[in-house]
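Q: Protein sequences appear in the order of chains A and B. Using this note's numbering, count along the first sequence one by one with no gaps and you end on 768. Using this note's numbering, count along the second sequence one by one with no gaps and you end on 372.
Honestly, the hints are just simulated from the structure, not real lab data. Backbone N, C-alpha and C fix where the C-beta goes; we use that ideal spot for every residue, glycine too.
Derived DEER-like restraints, expressed as beta-carbon distance ranges:
| hint | chain 1 | residue 1 | chain 2 | residue 2 | range |
| --- | --- | --- | --- | --- | --- |
| 1 | B | E316 | A | E150 | 19 to 29 Å |
| 2 | A | G214 | B | T236 | 51 to 61 Å |
| 3 | A | G540 | B | S371 | 36 to 46 Å |
| 4 | A | Q484 | B | Q331 | 56 to 66 Å |
| 5 | A | A547 | B | T299 | 37 to 47 Å |
| 6 | A | A547 | B | R310 | 36 to 46 Å |
| 7 | A | L567 | B | Q268 | 25 to 35 Å |
| 8 | B | F339 | A | E101 | 16 to 26 Å |
| 9 | B | H369 | A | A547 | 38 to 48 Å |
| 10 | B | H369 | A | P355 | 54 to 64 Å |
Each chain is listed here by its residues.
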Amino acid sequence: MRIYHPRIAAFVWLAGLLALGIAGSRMLTADWLETGFLALLPATEQQPEIAKAVRQHNELINGKVICLTGAGSASQAIAYAHQLRQRFEQSGLFTDIRLQVDQQDFAERYQQLFAYRYQLLDAQTRGILLAQPEALIGRNLEMLYSPVGQLEAANLERDPLLLFSRYFNAQNPGRFTLEQGVVVVQDDGRFWALLIAGLADNKLHLDNLDGLRELLNDAKGQIEAADGELLATGMPLFTAEGSHSAQREIAIVSIGSTIGILLLLLTFRSARPLLLSCLGIAASTFAALIVSIMVFGKIHILTLVFGASLIGVGIDYALHYFCNSFSSADWTPAKGLQYILLGITLDLATSLISYASLGVPPFPLLREIAFFSVVGLVSAWATVVLLFPLLLTGFKPTHKPAMLGLTNYWQQHWPAWLLRNRIWLAPIAVTGITVGLLQLTPRDDVRLLQSASAERLAADQKIRQLLPVKADSQFFLVAGKDPQDWHRNEQALLMRLETLKQQGAMEAYDGLSRYWPDPDTQRDNYNLLKRAVYEAGLLKRYMAELGFDEQAIAEEQQRFNAAENSSISLAEWLDSADEARKMHWLGCDADRCVSTVSLNGIKDLAALAQLQDLQGVRWVDQATQLSSLFERYRASASLLLIAAYGIVLIGLGLKFGWRNALTIISVPVFATAVSLSMLGWFDQLFSLFNLFALLLVLGIGVDYGIFFFLAEDKRSSTALAVTLSAITTLLSFGLLAVSSTAIVHAFGFTVAAGILTALLLAPLVGRHGAGKQTE
Amino acid sequence: MIYLKALMLFLLTANVCMADELLDQIHARLTKAAITRGAFEQTKQLKVLRKPLISTGTFIYDKSRGVAWKTLSPVPSLLLISDTRLWTAQGEQPVPAAFGKVFQAMLGADLAQLATAFDITGSARKTSWQVRLVPKDEMLKKVISRMQLSGDQELRVLEIFETNGNSSMLHFQNISHPDRLTAGEEADFAHLSP
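Start from the sequences, fold in the hints, and give me the full structure.
A: As C-alpha cells, this is what we get:
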C-alpha cells in the first residue's frame, strides 16, 4: 500500500473530472441529444449513396405536422383550423404554416409553365392525339359548354386548344373542396379542415418537442371543449411522445433511486455513504456522457436510458466498500480497499468484457450504449478506488445496523433451507424454467420502439383514411447518371407501378417524371401536335367552328411555330412546382441524379419490393428493414452474450480454478435462465433490448458470486452489501417495468427477474467458509 | 379573436337570412320539392368568339345527391356535382371554390344557403321575383362578379357575369317535381358514390 497515497489518488481523480467538466461545459451547450428514431439506422447497412438519399428524404418529412380539425359544419371546422393556426403562429415553433391555399398564387406560379404548353402534354392528351386527334375537339367542346368551364374559357384566347388547362388539371386531380381557401374533407357527415405545418427545427430538439406536445394537447383540449375535434400526426409527434415517455421513465428511476438512498441512510446512519454513492453515480454518468459525446458527436436518448441503467452495476463497488466497514472492529479505509480491490476489479473486468461485446455489431445504438456504459463503469470504479479512501477517512460506523442482523440470518439459513429441500426444489425449478423457455417467442418489430399512445395511433390512422398521406418510410429511390437517364429509369418504374395499381397493390403513386417530360419527350410532344393538329388542318376547322376570326387562327399558328425549339429544364419546372412535388427531387451531384417515387395505401409490399430489379431503382422500406435488422442483431447479441459468459468463465477459471469458476458463474447463468423463462411465462416482449438486461444480470450476478466467494469470514457484511445492491438495482432499473414503451418495460422486467434470482442464489456460493466466520 | 369573428359572422348571417323579408317572400312562392327535373338552354358569351356557344339539355336536382347536368347538343356530355365532388366522363376534378354548393343551391332554390355565400338584393312582385347575388367569398369574387336569378314559383333564368367579361345565361323550361329518380338517373348519380 506504500505506493497508494489517498491524497494523490484523489487529486488525480479530481483533475480528471475537472478536465471533463471543462470539455463538457462547451459540449453540453451544443446540440448533443438525438431523439429521432430513424437515427438508429446503421449507416453500413446501405450503400452510402442510398443512405444519403434516405437521409435527405427523412429530413424533408421529419419536421411536418398534419392536423385536421373536425366539426359538424365546414365553416365551424375552418374556424377551429384558424384558431389552431393562430396558436401555432404564437408558439414560434413553426416556420411555415399552411391553412389557406392561395389558388391565385398557385395559378400564377403555374403560369410560368404556360409558355411550354406545346411541350408539356399530359398522358391523356398524348393518348388522344396518338389514337384519334378528332376526339380532342369533342372533349374541348364538352369543357367549354360545361356550366363550370369558366377557367378554361378564360384562357381560350391564348390557348384555344386548352392544352394548358388539360395539363394543369391532370396535375391536380383529387376530390378536395376548397372553402374560404381551406382544404375541407367530408366524411360521414363531419367536415375536416386541413392544416399543415413545418417545424422551424427539423432536428427535433427536446425542448421544442415538449413544447409541441403541450401545444397540441392544449389546442385539442380547447377545441374539444367547444365540441370540435382535432386529429394530428407526423413524425415529430411520434418522436415527441417517445422522448416524453423516456423522460418520464428517467424520472421514475430517480424516484426509485431516492428510496434506495433512504435505505442507505437508514443502514449506515451517516450521510457520507449516501453522498459518496450519489457522487459516484453522478461522476460516472457525467464522464460517460461527456466522453461519449466527444466520440460520437451526438448521442441518442435511448443510449441515455440503457447506458445509465448499465452503469448501475457501478454502485455495487461503492456499497461493497461501505458494507465492508461492518466486517471488523479495526476497519480503516485503506484496509477496506485492500480487501475489496480484487473483487471489484475482477467484477469491472467481467462487466467490461460483457458490455464491450455489445459494440461488436455495426449498429450505432449498440455501439453508443457499449461505449457509454464502459466509460461509465471505469469511472465508477476509478471513483471508488481513487476518491473514496480519502473521503472515507475516519468513517467507522459504531452501530450494528438492523439490516446487518437480518441479512446475516438470511444468508445463514436460506442456503441451508435450499440445500435441505433440493430433492423437490430442483425438479420444480428445472421444469418451471424449461416450460417457460419453450414459451419464449421473439418479437422484433421496430414499431415497438415507439411509445405512441393508442390515441396518437388512432388519429394517425384516421388521417390516413381521410387524406392520401404518403407512406413515410416506404418509397422508391430512382437514380440515373444524368437527368435524361434518371427520367428513363423513373418512367420505366412508373409504367410498372401503373400495372400494379390496377391490380390493387396500392392506391396511388407519384413521381416527378409524370409531370416533367425530358427534352426528347418534349420534342416528341411538339411534333405530335404539329402532325396531328396544326398541319392536318384540324386547328383551323376547330377554331373557325367555335367562332374565332381568321386573325386569331393565324396568331395561334404563329405562336405554335415560334415555340418549336423551346424546351423546359427540370430545374425550371421544379421552380414552379409546389412543395409536395419538390420533395420528390433529391438532386444531382457529379455523376448521379436521384428522386423518390412515393406511394399511398400500400396493400402488397412483396410485389412492390420486386420492382428493385429495374435499372436504377431501389426499394426502401425502413420499418421492415429495421425490424429485420433487430432480428439479426438479436441473434448476434445472443451469441455475444454466450461468448461473454465464456470469456468471464475463462477469466474466473484462471484466477480461482475451474470448479470455483463454475460455482460463481452458475449464479448469473441460473438468473438468466429464470429471467428468460419468466418472459415466456408472462408472455413478455423478447427482443434485442432484453439482451441488454441480461448483460446487466451477468455483470451483477457474477458480482454477487465473486463477493460471496471471496467473503470467507466476512459473509455477513457481504450479505448486507449484496442485499443493498439488489434492492437499489430493483428500485431503479426494475422500476422500468412500469414503462409504457414496450422495450423499456421488457428491460425492467428482465432485470427484476434476473436480479431477484441472483440475490436468492448468491449465498449458496462460498459456503465452505461458513464455519470459520466470526460474527 | 378569429374564432369570435367567425362566430359573430355566423350569427349575423344567420340573422340576416332569418329576418330578410325578401328571401322569405320568394321562399314562400317557390315550390318546395326534393327533386327538380327540367330542360335548359345555355347561352355562353365569350369575348374572344364572334358567336355565342349555345347548348341545350336536361338537368335533374336531387336534394340528397346533387345535380346531374346532361348536355344533349351540340356535344352530348354528362356533368355531376355534389357538395364535395365534380365528376365528368373525362375524370374527376376538384370542385371550384364554393361552386358545388352554389350551383346546387341555385337549382334547389335553397335561399338560406345562398345567403351565406352572397350579398343579396332584389325585388319580389305578386307572381315574379328577381335577385342579384354578389359573392362574399374572396376566391369566388375573383372569378364571378355577379349573378342574377329570376323566376316565379320556379327558377326560370340564371345569369352569370364573370370578371373577365364572359357571361352565361341559362333558361329553364318544362320544370317538374317527380317523386323519385328514374333508373337511368340513378345510374348517372352512381358515378358520385365512392
